[in-house]
Structures are given as C-alpha cells and as structure tokens.
Amino acid sequence: MNSTLGYGLVLAGLLCAVFAAVVGIATGLSRREGALPWVQRAMYGFAGAMVLSNLVMVKALLEHDFSVKYVSQVGSRATPTEYTIVSLWSSLEGSILFWGAIMGLYLFAFTWIYRREHGRYMLLTLGTMAAVAVFFSFLIAGPANPWPAIPNPPADGPGPNPLLQNHPLMIIHPPMLYLGYVGMTVPFGIAAGALLRGELGDAWLVPLRKWTLVPWMFLSIGIILGGWWAYAVLGWGGYWAWDPVENASFMPWLTATAFMHSTMVLERKKSLKLWTIALALGSFVLTIIGTFMTRSGVFNSVHSFTQSDIGPTFLIFIALVLVFSVALLAVRGHLLVAESHLGSIVSREGSILLNNLVFAALTFVVLLGTVYPLATEAFFAKKITVGEPYFNQMALPLGLGMLFLMGVGPVLPWGAPSKELLQQQLVVPTGSGVVTAGTCFAAGYRGFMPLLAFGLAAFATVVTVRELFLPAKQRMDEQKEALFTALFRSASRARRRFGGYVVHLAIIAAIVGIAASSAYKTHATGTLRPGETMTVGDWKVRFDGLATGKEPHREYVAANISLTGPSGVEIHRHESLAPRMNFYERSNDPIGSPSVSAMFLRDVYVSLLNFDSKAGTASFNAWVFPLVGWIWYVTIPLLVLGSVIALWPQRRQRPAEASAPAPAVAQGSP
Amino acid sequence: MSPEARNRLVAIGAILVAGAALAWIALGNMGENLVYYWKPSEMLAQGDKAYGATVRLGGVVVPGSVQWNADHTSLTFQVADTHLPTAAKVTVTATETPPQMFREGIGVVVEGSFQSNQVFKTNRLMVNHSNEYKAPHDGGMPSDWKDTVTQAANETGAK
Chain A
860 MNSTLGYGLV LAGLLCAVFA AVVGIATGLS RREGALPWVQ RAMYGFAGAM
910 VLSNLVMVKA LLEHDFSVKY VSQVGSRATP TEYTIVSLWS SLEGSILFWG
960 AIMGLYLFAF TWIYRREHGR YMLLTLGTMA AVAVFFSFLI AGPANPWPAI
1010 PNPPADGPGP NPLLQNHPLM IIHPPMLYLG YVGMTVPFGI AAGALLRGEL
1060 GDAWLVPLRK WTLVPWMFLS IGIILGGWWA YAVLGWGGYW AWDPVENASF
1110 MPWLTATAFM HSTMVLERKK SLKLWTIALA LGSFVLTIIG TFMTRSGVFN
1160 SVHSFTQSDI GPTFLIFIAL VLVFSVALLA VRGHLLVAES HLGSIVSREG
1210 SILLNNLVFA ALTFVVLLGT VYPLATEAFF AKKITVGEPY FNQMALPLGL
1260 GMLFLMGVGP VLPWGAPSKE LLQQQLVVPT GSGVVTAGTC FAAGYRGFMP
1310 LLAFGLAAFA TVVTVRELFL PAKQRMDEQK EALFTALFRS ASRARRRFGG
1360 YVVHLAIIAA IVGIAASSAY KTHATGTLRP GETMTVGDWK VRFDGLATGK
1410 EPHREYVAAN ISLTGPSGVE IHRHESLAPR MNFYERSNDP IGSPSVSAMF
1460 LRDVYVSLLN FDSKAGTASF NAWVFPLVGW IWYVTIPLLV LGSVIALWPQ
1510 RRQRPAEASA PAPAVAQGSP
Chain B
51 MSPEARNRLV AIGAILVAGA ALAWIALGNM GENLVYYWKP SEMLAQGDKA
101 YGATVRLGGV VVPGSVQWNA DHTSLTFQVA DTHLPTAAKV TVTATETPPQ
151 MFREGIGVVV EGSFQSNQVF KTNRLMVNHS NEYKAPHDGG MPSDWKDTVT
201 QAANETGAK
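Protein chains in written order, with the numbering used here: chain A, 860 to 1529; chain B, 51 to 209.
Simulated from the structure, these hints should not be mistaken for laboratory data.
Cβ atoms here follow ideal geometry from the backbone N, Cα and C, with glycine treated the same way.
Fair warning: there could be bad hints in the mix.
Stated by the list, open to error - Derived Cβ-Cβ restraints for the label pairs, each shown as a range:
| # | chain 1 | residue 1 | chain 2 | residue 2 | range |
| --- | --- | --- | --- | --- | --- |
| 1 | B | 74 | A | 1238 | 15 to 25 Å |
| 2 | B | 145 | A | 1251 | 16 to 26 Å |
| 3 | B | 117 | A | 1381 | 23 to 33 Å |
| 4 | A | 1381 | B | 166 | 28 to 38 Å |
| 5 | A | 1171 | B | 166 | 41 to 51 Å |
| 6 | A | 1397 | B | 113 | 36 to 46 Å |
| 7 | A | 1196 | B | 65 | 12 to 22 Å |
| 8 | A | 1014 | B | 117 | 39 to 49 Å |
| 9 | A | 1236 | B | 74 | 19 to 29 Å |
| 10 | A | 1344 | B | 74 | 50 to 60 Å |
| 11 | A | 1241 | B | 65 | 29 to 39 Å |
| 12 | B | 171 | A | 1030 | 33 to 43 Å |
| 13 | B | 53 | A | 1230 | 38 to 48 Å |
| 14 | B | 74 | A | 1392 | 48 to 58 Å |
I would like the entire structure built from these sequences, with the hints used as guidance.
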C-alpha cells in the first residue's frame, strides 16, 4: 500500500516536472507568456507530490512497514523514534527522495513568491529549474527507487548505520547540507533564464542575489556541522581532513562566496556580468559534481553507502549541465556586456576582483587535488590519494590572502581612493593587528603563519566593527539617538551591508579557531590502570575505571575519567560523558565516541582507543585544542544572524526617505 | 591599439601568467604529497622506489605475528595480501596504540613509510570497518563483544 502510493506520487512529480520543463522552455524561447500559469501549476504539483511521497515514507518507517524495500534496509524496531525518522536520509535511496522534497519546497517557494513578478524571465527560469527536477525525480523513479515492494517482508530490519545514530548532530547536518546543495538549483535557473533571454536587468539581480544567499547560508552551516560531527563522533581528533566528500561541499561554497562579492561590482559598476553569471552556473555544477562524488561510491566514505547504479545517470547529467552551461555562456554571453570599466586596482571593485581571483584559485587547487586521484585511477589504474599537506600548504597562503582582503576591502572606496584618507583609516586597524600578533608572541606563542593569521584577524575585525558602528555613531551624534536605536536604524537602512559585515565577523571567528586549534594543539597517548594519570598540555587526565551500561539501541563500555586543568578544578566525565565504545546489536564492530569537554578557550578531547577488561586498563588518545569551539559556537550564530539581516525584506520606502542619502553613502564607504 | 584594448590585454596576460604559476606550484606540491595505496606485493614490486614514500598499506594481519615490545609501547606484526599462507608479507612496526577492533586476521590499513631495513614504520593504524550488518535472524550470532562487555562488568566491579 505504502509502496504503491509513494511510487505513484514520485511518478506524478516526474510528470509535473517534465511538463513544466518542456512547456516552460519552449514557450519561454518563443516568448509566449500566456503559458506561465500552467507552468506555475506544474511546479506546485511537483512540490506537492515530492513532499507527500516523503511523508508516506516517514509513515512507512514509523509503522515499520518492511514490505517497502527502503524500510527493510534501514528500519529496525529497536531504533529510537527520532532516529527512525532520521533514517529517511540515512541511506542512498531515502536521501535522494528527501532531496526531492527539498527541491520541491525550494521550487514552490520561488514560484509562489514571484508569481506576479519578473514575467519576462520566469518561463525560462522555471523551465530550467524543472529540468533539474526531472533529473532528480527520474533518479528516484528509476536507479535510486526506494519504493519497490518486497513480497515476503522480514519481521525486522538492520537499522541505520551505527555511525549515523551516534550523535544528534546527524539529525541536522544532512538537511542543512541538502538545503545548501539543492538550493543552488534556484540561482542556476535564474542565471540560465537571464542568459536564455539574453539580458540581465537590475530587477532580476535581486532574486539572483537573495536566492544564492539562502543556499549559501545553509551550505555554510552544513559544512561546519559536518566538521563538528566528525570531531564529536569519529574520535580521531580533528574536524577537517580534506576528504573528497568535504572538498565536494567546500568547492560550491567557495564559488558561491565569490559570486556574492562579484555581484556587488555588477550592481555598482555594471561590469563582471558574465563572470558573475558563470559563478552562479559553476556553483550549481559543483553541487551536482559534489553529490555525485558523495553518493555514487567513487570515493569510499560514510556517505557513499553501498555501491549503487546512480553513477552513470549522474555522469550523463553532469555532462549535459556542463555542455548546457558552457554553450549558454558562449552563445549568449556577448549579450551581457559591461556598461563601464573597472578603475584602479586599489579600490573597492579592485579588492573584490582580487578576492574573486583568490576564491577561484582555491577552488582550482581543491578541485585538482580531489579529481587527480580519480584521473590516475581511471587512466593509469594506479591507486593514489593526495595527502592533506598539499591542501594545507596551498590553502594557507590563499586563506590568509582572503583575510587580508577582508580587512582592506571595506576600507577602500569605490572608484578612485584618496591616499590621505586611506592612510588615516588604516592606522588603527594595522596597529591593532601588530599589537595582537605581538601580544601572542609575548605570551609564548610561536610560528610565523599563526601569528600572521591572528594579526590579520585583528586587523579585519577592527575594520569590520568600525564599519558596523560608524553609521550608528553618526546617528548618535547628529540625531542624538541612543546606541541601540541608532544601531538598529542604521542596520535596517542598509541591511545587506550590515548583514554582510556580521558574516565577515563569523568567518574571522572560524579562521581564528582553525588557526589556533591546528597550530597549538597538544596531543598525548597512553595506557592507564584505574587511578593512574596522564598529562596532555596543562591538563591531567585520570582514569577512574571501566563501566558498562545499556541504552535501548546499544550497549556501551565507558572509561570514566576526571580532568584537572591549570585552575585545579576537577571535572568528572563519567558514564554518558566518558569516552566510550558503543556496541550496536546488528553491527560487528564497536563504534567509539570521544569525550569532548568544551570550554570557551579550549576543548579537552579524550577518545578511548581500546580497553582490556581482564587487566582493567584502557588506552586513550587525548588532545587539548585551543579555541576550536569558536568554529561552531561563535561562527554559526553570527553567520545565521548576518544572513538573516541581509535577507530581511526591505520595507517599501516612502519617497522622502528614499531620496535622503544614507549616512554611509555620505561617508564615502558604503 | 587603443589604450583600453591594451589594458585588457595586459590584464588577461597577467591572469594567464598567475594561473599558470598557480597550476605549476599546485602540481609540484601535489607530486610531493601523494599517498600511494599499495598491497604488500605491490609495494615490494616497486623495489627501491618504495622507500620513503608515504604509503597506505592495506592487507590482513597475519595470525600469530602480533608482538608487543618489552615496555608495551610499540607493536610489531605482519601484513599480508590475503589470508593465504603464500601471500606476500611485510613486517610493520606501529608506535600508535591499536584500536579496539585490532586483532589477528583482521583487515588493516597502515599509513607510514617503508624503510630500507624492510620494516614498514607507521604511526597511523586503521582497522577496516566492515560496516556490514548481521542479518536479523541468523541463528548463531557471533557476539564476541557481548562477552567482552560482560567480562568488563564482572571484573571491574562496575554495574
């Protein structure tokens, strides 16, 4: 029953998508806009069918309906309810189905919000998005079908992969990443619509920008949560390993970030049109390549599940999208001509151009290191991988360059800068950077690169904070407003600018966390008897003995420990807080989970390597990571805050307000 | 040639040069940081070329070969291509404490380098996660780990 219903809904979605794609593109090209309502209805139909099909799957999972193939693969009566719902995206077929639901929601929102606007582009744009939807619903209906009915259903199933049941982060990391990946379909459609139509007006730029920022925000959160999950679950004492799957999510993030900056030049100077559009198309292509690398099993990882048949379908789709994008840029690109020339390199637009080149360079470096092993294996049948040092050595100078530009860019005005004003504005930030690096050096921290990173971070922070507060300060001086009123009003006058700088602070916090936790981590390993102590950095780890316990879906052996820091206070990490080995009923291998004592300035991280129940001993890997928590605890809230401020709809301004120049513009550095 | 066209040409030239430089640096750097996936037989077949390179050596732990040194800080064992007694073998010295699942006969991947004294030194020892689940109702469920849990409970006096 569930099988038939769910599969029927997928087919209905596929039909709607095919209709919208064919009718949208055909009538769009011949500019017959009368077909638009029908295309819109088909988009709603696709969205409804996909969401309903997912709800049916959730129902089947909750009912433990093992006659559905997917449920029989990931369901288990022993799994707690929340993880049963999460199993919707814990294996290949379900995750692609879930993908369809998210795509449905995006397409619904986009179609609905602009149902009465942008008629000239809409048919072509919706048609392009629907074409992408055709691919995904075809994937669900065919190669990755979760719905086949099983004639003799088993009484119970194996449950989801134990690694995916080990931590609540697993509940939110995948949806965030999917919202990021799938959302890039929307800017792709918008950009393709502009190219097919052969024009890119200012009005069309607004949805393009906003609908890139939405998936960008989710992608950022998803990437950080993925790192956090690896850190909190896998127990190897790190959050990022330049794994192909991580790289796959990082590359579209880089191009989308570059896009968000070049779009400012496009708006202001009416140039870099083609480049900006190419970035929007490229981000989408990279998300599809990323999905392929993550899901098809070309790289073996926790994400690839089992060998599947989706690889060839994906390769064909990637080839089609690439040919389509390149052909569009080649045939229609000349229609998007620059209306002005870029001026001096020492200017806002110059710094953004440099920023874009650095982002492009980093994307190239990561792509090269990720694809090279695939190429050597395909052509020379040699199995190799590119080691982490390559990525670290290449990314470090480029990342520091970005940090530098993040500090310098906002100081530079558009057009031609005045030298005196510039020097005057750079004194305080540069001084703060030097003082910060000097203080760290005096405090005993060594190493050129990390100190440079801290100095540049302070430089960029001072610039950013000044840019955030300057308009507010002007209001306070001129209109005698209180600080918070002034801040709120100046922010709501220039939401994108304000939100953008808040996001800059989020990125600075992440870079500081990455620099500190990789340069100044301390590590120790050892085997302890109960009562014995080992030292890691300034911390002492005492082993208090083994304990065992039982939870509904697993049993565990915990190695109880107590931590003592420089302050002398003892922290007990027992039972559920201790480093443990978890034993799942249906898995042969134990899954370790580390104990992470998170503090604002450092984490103490202890993982249990093994235990000997006869001797009562346990072996530990212990690390102290300075500032590592900033990467998630500070960056994620700031990033969301900044993005939401930038996305918040602008009220329609009254004419009187609109004509008054914003304080920032008067200052010359918006 | 107009000044604008010349500027554009200079800009394109600069970007091309920068791109070529980046590609050259990246490729050179990558060449130094390659990690080879080899089985013992494949590594031995490389001869002298195998020494010093970063290698991920994959194979199975030869039963009866696992030995700790006197103060229990380093572990020596042999890794073979397959379970067959005739398979090519390499002696491995690991300075890292092995994970819980490490045992004789299990599949392992060790990352390190092959020394000219024919010993593979590693500080990274990974056990192949089978990640395969037991069938729900296969009668004889080998539950070694359950015994371990019970033992641990009995012997440490914990609950």
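A quick look at each hint next to the structure:
no.	hint	in the structure
1	B:74 <-> A:1238: 15 to 25 Å	21 Å, holds
2	B:145 <-> A:1251: 16 to 26 Å	23 Å, holds
3	B:117 <-> A:1381: 23 to 33 Å	30 Å, holds
4	A:1381 <-> B:166: 28 to 38 Å	33 Å, holds
5	A:1171 <-> B:166: 41 to 51 Å	45 Å, holds
6	A:1397 <-> B:113: 36 to 46 Å	43 Å, holds
7	A:1196 <-> B:65: 12 to 22 Å	20 Å, holds
8	A:1014 <-> B:117: 39 to 49 Å	46 Å, holds
9	A:1236 <-> B:74: 19 to 29 Å	24 Å, holds
10	A:1344 <-> B:74: 50 to 60 Å	56 Å, holds
11	A:1241 <-> B:65: 29 to 39 Å	33 Å, holds
12	B:171 <-> A:1030: 33 to 43 Å	41 Å, holds
13	B:53 <-> A:1230: 38 to 48 Å	40 Å, holds
14	B:74 <-> A:1392: 48 to 58 Å	51 Å, holds
When each numbered hint is compared with the structure, no violation occurs for any of them.
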